[in-house]
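The whole structure should be built from the sequences, with the hints applied where relevant.
Protein chains: 6
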Amino acid sequence: MKYGARNKVNAKVKSVKSDGIMSLVKFDVTSPSEMASVLTTESLEDLDLKPGDKVELIIKAIHVLPIKQ
Amino acid sequence: MKYGARNKVNAKVKSVKSDGIMSLVKFDVTSPSEMASVLTTESLEDLDLKPGDKVELIIKAIHVLPIKQ
Amino acid sequence: MKYGARNKVNAKVKSVKSDGIMSLVKFDVTSPSEMASVLTTESLEDLDLKPGDKVELIIKAIHVLPIKQ
Amino acid sequence: MKYGARNKVNAKVKSVKSDGIMSLVKFDVTSPSEMASVLTTESLEDLDLKPGDKVELIIKAIHVLPIKQ
Amino acid sequence: MKYGARNKVNAKVKSVKSDGIMSLVKFDVTSPSEMASVLTTESLEDLDLKPGDKVELIIKAIHVLPIKQ
Amino acid sequence: MKYGARNKVNAKVKSVKSDGIMSLVKFDVTSPSEMASVLTTESLEDLDLKPGDKVELIIKAIHVLPIKQ
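For the protein sequence lines, the chains are U, P, C, L, D and V, in the order given.
If you read the first sequence in this note's numbering, its first letter stands for residue 1, the second for the next number, and so on.
If you read the second sequence in this note's numbering, its first letter stands for residue 1, the second for the next number, and so on.
If you read the third sequence in this note's numbering, its first letter stands for residue 1, the second for the next number, and so on.
If you read the fourth sequence in this note's numbering, its first letter stands for residue 1, the second for the next number, and so on.
If you read the fifth sequence in this note's numbering, its first letter stands for residue 1, the second for the next number, and so on.
If you read the sixth sequence in this note's numbering, its first letter stands for residue 1, the second for the next number, and so on.
Please note that a few of the clues may not be correct.
All copies of an identical chain are treated as equivalent in the list; a pair is satisfied when it fits inside any one copy or across any two copies.
Straight line, CA to CA, 30 Å or less: simulated DSS-like cross-link-like pairs of lysine-lysine [stated by the list, open to error]:
# : residue 1 : residue 2
1 : Lys68     : Lys12
2 : Lys50     : Lys14
3 : Lys50     : Lys68
4 : Lys54     : Lys12
5 : Lys50     : Lys12
6 : Lys50     : Lys17
7 : Lys54     : Lys17
8 : Lys26     : Lys54
The set of hints was computed from the structure by calculation and includes no laboratory data.
Quick caveat: nothing in here was measured; it's all calculated off a predicted structure.
Here it is as structure tokens:
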């Protein structure tokens with residue numbers, strides 16, 4: 001099974017909270033990992049990112065897709 | 001500084017690759033972390049997620065927003 | 001009326017379910033259609049996609065924008 | 001294998017076009033299908049969607065995730 | 001024509017820059033406007049947003065869909 | 001603080017409405033602004049966008065990330 005996405009994080013479910021329409025699930029990340037971001041080259045130049053730079057990666061929870069075997 | 005998003009990952013830039021319009025940046029995650037996903041309650045029920053379940057979290061690179069101080 | 005998006009699917013509303021903030025709508029697709037995906041060239045190479053290959057296309061419901069005349 | 005997403009479309013690769021960073025893949029949808037959208041209840045009320053209503057569903061190609069077995 | 005989205009901004013094209021696969025378009029916003037955000041109630045509570053609070057709204061360019069009549 | 005995104009809009013909170021899982025926040029935009037969109041070059045050509053063209057920019061509220069200092 002191969003996914004057309006750069007980020008695949010192994011995780012374990014920690015908690016589940018549900019509403020009528022939407023649910024929020026929290027996970028513990030179980031392995032150290034690498035992540036990737038695609039952004040415009042203009043934004044990259046504004047950020048002036050170079051290897052070794054420290055950043056925070058922000059991801060809205062709605063963009064995280066859980067897959068279970 | 002506070003962000004309206006559940007996922008904040010500390011990371012270090014590993015590599016940068018640029019095109020005219022878009023760029024791809026790779027990061028090493030520098031701290032173990034927790035992640036959150038919002039999905040429909042219907043999808044949650046299909047997945048039948050319970051605490052302790054192992055999952056893969058898939059995130060397209062385009063949804064990862066780097067922030068630098 | 002022209003949209004800056006590759007995917008336009010003709011559909012008919014099948015059901016509507018509402019909460020205070022969010023709603024979930026189900027549709028029957030009324031015409032056979034073509035779809036498009038943009039992904040990193042790295043992900044494409046990992047998937048090794050060639051014409052004729054069978055795939056599943058996964059789309060979170062939050063990314064589907066209904067338009068009505 | 002179960003995905004935390006409402007939309008799963010069976011498709012066949014039709015064409016592939018690549019750049020240094022990003023690629024665009026076109027697919028033929030191989031089975032009639034159902035789709036789902038999550039939107040704010042306010043947007044739903046503005047659209048006044050009822051079963052039987054005809055709509056167009058717009059999805060940016062970047063939000064389509066191909067998965068291959 | 002009605003859209004299942006909370007944000008509709010009137011704008012005028014300022015510049016266009018194209019690559020083989022992706023393009024970047026800049027716009028001047030032509031009318032003062034209102035915007036809306038959907039986030040988890042947890043994120044809202046972390047931000048502690050109240051009427052009158054000043055914020056910055058961050059939107060990746062990939063999530064902006066231009067429509068032309 | 002620099003963000004890897006093209007769109008940064010200054011705004012003031014107007015109203016807040018919360019559910020168990022999701023919340024909807026409305027803002028008044030406090031400064032005239034410029035916006036940017038990334039789309040496929042194919043979509044751009046279909047739209048035939050040229051400087052001066054009038055468009056509507058559609059953004060689902062879920063893609064708007066509020067940041068507060």
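Going down the list of hints, with the structure as the test:
1. Lys68 / Lys12: Answer is both: 10 Å inside a copy and 24 Å across each meet the 30 Å cutoff.
2. Lys50 / Lys14: between (34 Å within a copy, 8 Å between copies)
3. Lys50 / Lys68: between (35 Å within a copy, 11 Å between copies)
4. Lys54 / Lys12: Cα proximity of Lys54 and Lys12: in one copy and across copies (26 Å, 5 Å).
5. Lys50 / Lys12: Answer is between; shortest inter-copy Cα gap is 9 Å, intra-copy 32 Å.
6. Lys50 / Lys17: between (39 Å within a copy, 11 Å between copies)
7. Lys54 / Lys17: Between copies, since 17 Å is at most 30 Å while 33 Å is not.
8. Lys26 / Lys54: Both ways: Lys26 and Lys54 sit 25 Å apart in one copy and 12 Å across, limit 30 Å.
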